[in-house]
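Using the sequences and the accompanying hints, generate a full structural model.
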Amino acid sequence: MKLKYFAWVRERIGKTEEIVEPPAEVRTVGELIGWLAARDDGYAHAFEKPTVIRAAIDHAHVKSDAAIAGAREIAFFPPMTGG
Amino acid sequence: MAIAATIRIQEADFDVAQEIAGLSKGRTDVGAVVSFSGICRGSEQGEPIAALTLEHYPGMAEAEIARHADEALARWPLQGLTIIHRFGRIAPGENIVLVVTASAHRQAAFEAAEFLMDYLKTSAPFWKREESARGTSWIEARDHDDAAAARWTKS
Chain A
15 MKLKYFAWVR ERIGKTEEIV EPPAEVRTVG ELIGWLAARD DGYAHAFEKP
65 TVIRAAIDHA HVKSDAAIAG AREIAFFPPM TGG
Chain B
3 MAIAATIRIQ EADFDVAQEI AGLSKGRTDV GAVVSFSGIC RGSEQGEPIA
53 ALTLEHYPGM AEAEIARHAD EALARWPLQG LTIIHRFGRI APGENIVLVV
103 TASAHRQAAF EAAEFLMDYL KTSAPFWKRE ESARGTSWIE ARDHDDAAAA
153 RWTKS
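Chains A and B are the protein sequences, given in the same order.
The numbers in my numbering rise by one with no breaks, and the one at position 68 of the first sequence is 82.
The numbers in my numbering rise by one with no breaks, and the one at position 86 of the second sequence is 88.
I should point out that these hints are in silico values taken from the structure, not numbers from a laboratory.
Keep in mind that a hint or two might mislead.
[To be verified] Straight-line alpha carbon distances no greater than 25 Å define the calculated SDA-like cross-link-like pairs of lysine to any residue that follow: (1) A:K16 <-> B:E64; (2) A:K29 <-> A:P93; (3) A:K77 <-> B:E46.
And the structure:
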């Protein structure tokens, strides 16, 4: 699946997007955050407060308990500040 | 007749008067047009800023705004709806966002415009970064924006 990162999540991880294949036991958005946070210091910094992180699957907002099975694109970003 | 919203996500500026005229000119069924323009302030929390840079999520920004536009069209009797949101570097005094609603009567136009702005603030995937003498920093989301959006779910 493709992952995309925006704003300070993107800056801390150091990339705008990547393709990942998480192991089968990673089933939800929250579990994916935990798996990513363990990769290196940049990911750990980006996801240090998981409750602040917002996520979207295929362009729609989801909560952390959302299943990631079948997702084409998952995005992680801070609370939005547009408008 | 079903009304289609006009939604544009663009780097370029827009002409507010032209967008308002686009919803009302030559029509006799529109009795009220409400427009909200969001403009870049020259200071953020008392500190002068040089500019804002808006990052967005292409594809999702359009989809998310379209979802709320459809909800507004279902909830209020609108005869026209235009939403424009800019991205990129925006200097103080420049336009950031525009919502224009047209209806037969003012209440629907006012309410729909306010509903849409409240949701644009909290759920459209845009992020503002400010530039000032102290460097650049991401603007933090405000709790009162979440509260403003939440009140529309009560009725």
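How the hints compare with the structure:
1. A:K16 <-> B:E64: 19 Å, holds
2. A:K29 <-> A:P93: 19 Å, holds
3. A:K77 <-> B:E46: 31 Å, violated
Going down the numbered hints, you'll see the structure goes against just number 3.
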